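Build the full structure now, drawing on both the sequences and the hints.
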Amino acid sequence: MKHLLDINNLTAEEINQIYTRASEFEKGIRKSNHLNAHVATMFFENSTRTKMSFEMAINKLNANKYDFCADTSSLNKGEDLYDTINNLCAIGINAIVMRHSDNNLIKELASKKYYQDISFINAGSGTNSHPTQALLDFYTIKKHFLTLSNITLTIVGDIAHSRVAMSNIALLKKFNVKIRCLAPENLIGEKIEGVEYHTNLKEAFNEADIIMALRIQKERIQEHIDIESYIKNYQITKDNLPYAAFLMHPGPINKNIEIASDVLEMQNARTILHQAKNGVFVRMAILDMLLSAQGL
Amino acid sequence: MKHLLDINNLTAEEINQIYTRASEFEKGIRKSNHLNAHVATMFFENSTRTKMSFEMAINKLNANKYDFCADTSSLNKGEDLYDTINNLCAIGINAIVMRHSDNNLIKELASKKYYQDISFINAGSGTNSHPTQALLDFYTIKKHFLTLSNITLTIVGDIAHSRVAMSNIALLKKFNVKIRCLAPENLIGEKIEGVEYHTNLKEAFNEADIIMALRIQKERIQEHIDIESYIKNYQITKDNLPYAAFLMHPGPINKNIEIASDVLEMQNARTILHQAKNGVFVRMAILDMLLSAQGL
Amino acid sequence: MKHLLDINNLTAEEINQIYTRASEFEKGIRKSNHLNAHVATMFFENSTRTKMSFEMAINKLNANKYDFCADTSSLNKGEDLYDTINNLCAIGINAIVMRHSDNNLIKELASKKYYQDISFINAGSGTNSHPTQALLDFYTIKKHFLTLSNITLTIVGDIAHSRVAMSNIALLKKFNVKIRCLAPENLIGEKIEGVEYHTNLKEAFNEADIIMALRIQKERIQEHIDIESYIKNYQITKDNLPYAAFLMHPGPINKNIEIASDVLEMQNARTILHQAKNGVFVRMAILDMLLSAQGL
Numbered sequence: 001m002k003h004l005l006d007i008n009n010l011t012a013e014e015i016n017q018i019y020t021r022a023s024e025f026e027k028g029i030r031k032s033n034h035l036n037a038h039v040a041t042m043f044f045e046n047s048t049r050t051k052m053s054f055e056m057a058i059n060k061l062n063a064n065k066y067d068f069c070a071d072t073s074s075l076n077k078g079e080d081l082y083d084t085i086n087n088l089c090a091i092g093i094n095a096i097v098m099r100h101s102d103n104n105l106i107k108e109l110a111s112k113k114y115y116q117d118i119s120f121i122n123a124g125s126g127t128n129s130h131p132t133q134a135l136l137d138f139y140t141i142k143k144h145f146l147t148l149s150n151i152t153l154t155i156v157g158d159i160a161h162s163r164v165a166m167s168n169i170a171l172l173k174k175f176n177v178k179i180r181c182l183a184p185e186n187l188i189g190e191k192i193e194g195v196e197y198h199t200n201l202k203e204a205f206n207e208a209d210i211i212m213a214l215r216i217q218k219e220r221i222q223e224h225i226d227i228e229s230y231i232k233n234y235q236i237t238k239d240n241l242p243y244a245a246f247l248m249h250p251g252p253i254n255k256n257i258e259i260a261s262d263v264l265e266m267q268n269a270r271t272i273l274h275q276a277k278n279g280v281f282v283r284m285a286i287l288d289m290l291l292s293a294q295g296l
Numbered sequence: 001m002k003h004l005l006d007i008n009n010l011t012a013e014e015i016n017q018i019y020t021r022a023s024e025f026e027k028g029i030r031k032s033n034h035l036n037a038h039v040a041t042m043f044f045e046n047s048t049r050t051k052m053s054f055e056m057a058i059n060k061l062n063a064n065k066y067d068f069c070a071d072t073s074s075l076n077k078g079e080d081l082y083d084t085i086n087n088l089c090a091i092g093i094n095a096i097v098m099r100h101s102d103n104n105l106i107k108e109l110a111s112k113k114y115y116q117d118i119s120f121i122n123a124g125s126g127t128n129s130h131p132t133q134a135l136l137d138f139y140t141i142k143k144h145f146l147t148l149s150n151i152t153l154t155i156v157g158d159i160a161h162s163r164v165a166m167s168n169i170a171l172l173k174k175f176n177v178k179i180r181c182l183a184p185e186n187l188i189g190e191k192i193e194g195v196e197y198h199t200n201l202k203e204a205f206n207e208a209d210i211i212m213a214l215r216i217q218k219e220r221i222q223e224h225i226d227i228e229s230y231i232k233n234y235q236i237t238k239d240n241l242p243y244a245a246f247l248m249h250p251g252p253i254n255k256n257i258e259i260a261s262d263v264l265e266m267q268n269a270r271t272i273l274h275q276a277k278n279g280v281f282v283r284m285a286i287l288d289m290l291l292s293a294q295g296l
Numbered sequence: 001m002k003h004l005l006d007i008n009n010l011t012a013e014e015i016n017q018i019y020t021r022a023s024e025f026e027k028g029i030r031k032s033n034h035l036n037a038h039v040a041t042m043f044f045e046n047s048t049r050t051k052m053s054f055e056m057a058i059n060k061l062n063a064n065k066y067d068f069c070a071d072t073s074s075l076n077k078g079e080d081l082y083d084t085i086n087n088l089c090a091i092g093i094n095a096i097v098m099r100h101s102d103n104n105l106i107k108e109l110a111s112k113k114y115y116q117d118i119s120f121i122n123a124g125s126g127t128n129s130h131p132t133q134a135l136l137d138f139y140t141i142k143k144h145f146l147t148l149s150n151i152t153l154t155i156v157g158d159i160a161h162s163r164v165a166m167s168n169i170a171l172l173k174k175f176n177v178k179i180r181c182l183a184p185e186n187l188i189g190e191k192i193e194g195v196e197y198h199t200n201l202k203e204a205f206n207e208a209d210i211i212m213a214l215r216i217q218k219e220r221i222q223e224h225i226d227i228e229s230y231i232k233n234y235q236i237t238k239d240n241l242p243y244a245a246f247l248m249h250p251g252p253i254n255k256n257i258e259i260a261s262d263v264l265e266m267q268n269a270r271t272i273l274h275q276a277k278n279g280v281f282v283r284m285a286i287l288d289m290l291l292s293a294q295g296l
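Protein chains in written order, with this note's numbering: chain A, 1 to 296; chain B, 1 to 296; chain C, 1 to 296.
Calculated directly from the structure, the hints in this document are not laboratory data. There could be a bad hint or two in this list.
Any copy will do: because identical chains look the same in the list, a pair fits if it lies in one copy or spans two.
Stated by the list, open to error - In the DSS-like style, the derived pairs of lysine-lysine whose C-alpha atoms are separated by at most 27 Å in a straight line are:
{"hint": "1", "residue 1": "K277", "residue 2": "K2"}
{"hint": "2", "residue 1": "K277", "residue 2": "K77"}
{"hint": "3", "residue 1": "K173", "residue 2": "K77"}
{"hint": "4", "residue 1": "K2", "residue 2": "K107"}
{"hint": "5", "residue 1": "K232", "residue 2": "K174"}
Model, not experiment: these values are computed from the prediction.
Written as structure tokens, this is what we have:
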């Protein structure tokens, strides 16, 4: 692996390698010292979990951490981003963890030539890809289920604008998980082969093992969205959540919109914070593999 | 100790334990390696001294430092602060150093349940509490006086809006220091038992061993304040400062408002920078105790 | 050396000492551990290269890194910068890397008395001085030329507003490099003794060994500047760049203004990224010398 850009670039085998390593970090049986590695975070969109999780992964790998802040950078002097990154590369940055509102920018950047080796890690691109989120989600799922055959997972919420949904679907398909998507018509987006689409909650939740709720992303939704109607028909409540289902959410949660707040007190919802915890180990594994591939 | 929220939660004995440890750090006879501890600063109000002092304390304890920046966080996506912190906790943050304009928020947050152990340290809350400032102030005082009995300390300035005054009064009372407060009527605030209140500088400064000046906090004062009249009646000058008194100030100083700038050249004023220096050791001691209590 | 403020304060011998040390860092034959040193960056103007380069230098020296952010500091409460820095000094900051729009502020600050030893490093001041840029530029030049006698270097662009030009001219004069400046009349600024001034590109580029392009600094130029006419007469192109000349640029580049973008693909332009790379070693050398002089 040279970069981590998208789930579609990964084979099931590579994903399992990431998980083996993540699990070793989690159990404390693997330690890595990347004292000569220099990793920069470059977030052009807001973040709490993902950014802090990567920062912790960098620290736990004993690598050097840099935060590139676009607001006070030379981008304000008219420099283009490729030139900025090529300069960071010349200065000695070995890996860039980037979040950006553009769907394709990170792929374009990763395909260019740089002064020396540099790895790109996609920490969320536009509405299409958030591979480390999907990887940590499935890592969390794998820890909870003895077998993955016959699992049904229902994604509910703003599928159309969700890079989390896109990456999860791509990943779950590789492992033959049965995927349902539930949303009002205007939030379903383009349909993907092999996925069941529902507009009725009862049908979509029936015998589901995992409910993966998404955030209603007010900042990305341009169509009119009727929140009252969404809540009435799609909010997860104590009444409609299947008894034994794991409830997942990438965070941040809009309480009492996609999930009724009392649901968050239930045992089913503990998975949500496990996701946050597991993210660190998965990101450590990814960074460790990319930096090691560079000989760092 | 699980948190450091307020002076009122501390016994005199606990305070002395903090000071013993701070003194050991100052003398270089104690070293701590909290390599597995992850501490985040979370400042919702401006700060130079306190934030930098905590950052240095974190570094000197060999802990991992994180800066949570509200402006670029998921708080902008509608997440509430408890959820944000619980996620940071799941990610692996062990302690949060927080400054906030709300008087009670940090206590409320500290009283809640989290994914795993997490300690809160109050780095200034609203107008009521700034415990590490009071602790470093009194640590500075203790180093200068062989005995604390019969010491008189006069706090002068905007008592009403000062969390520094509130915390100092709470702490000084525990050690039986004679406390006077000096301010114009409208900046005196609610009177506290056991404290002498003055509106006349000459009386308040008479035979005082320590003068503790406060900043006129323009950002918190909503009432009309007559700066000219304040300067005329309450500014500390070469003429009114008692000859042998120690002059203290938590900083930042509005020069020529609460203190005439030439006073800052006097030997009496050297204490002000000693306060800044001592703060690092006191904060090291506090963090060291809280992290050790977590087994880190 | 106590500070690094300006090229004019340095002798040729001191510059050579910096280069010897930088070269040792580059070759990996010198390692420094400044574990007890605390270095703060303080940038009041945008920066990518310089700030990241200093951050990497601090990390590679194993010193502790702090970022002072003016926006969230007590400067917003009315504190003056000297007091802020004196407090940072008392807290334990040993060196300050400062960029500021004021030409003289850093010199004034460095001339004052502080609580304890503190070193100032000028990372760009106003329009007059950017010593570490000049030092890394000449370090890059020295690596490429067996002998420096008879070298001709042409600086082209906005000489009048360029601290890079000022510092480079001061440095190149110490080493007897033949210097030409090329710019339209209104961007030439005050003429310096020993420098040839040109308004005609062909003459200025004739037999030049090095072309050093400057950025057209739109944020500093108050006079009307005719970009179309600048491009027509002064843009560096494949046609006018001397065949064997090294092309340098401090970055960021306004592509297709000062340099045609296809020129950047040429072998001649590789020097630009070497500059970025070399900056880290030169800054390591400077910080190492200043911190060592403090016994850190």
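Now for the hints, and whether the structure bears them out:
1. K277 <-> K2: both (25 Å within a copy, 22 Å between copies)
2. K277 <-> K77: between (39 Å within a copy, 21 Å between copies)
3. K173 <-> K77: Neither way: K173 and K77 sit 44 Å apart in one copy and 29 Å across, limit 27 Å.
4. K2 <-> K107: Within one copy, since 12 Å is at most 27 Å while 46 Å is not.
5. K232 <-> K174: neither (34 Å within a copy, 56 Å between copies)
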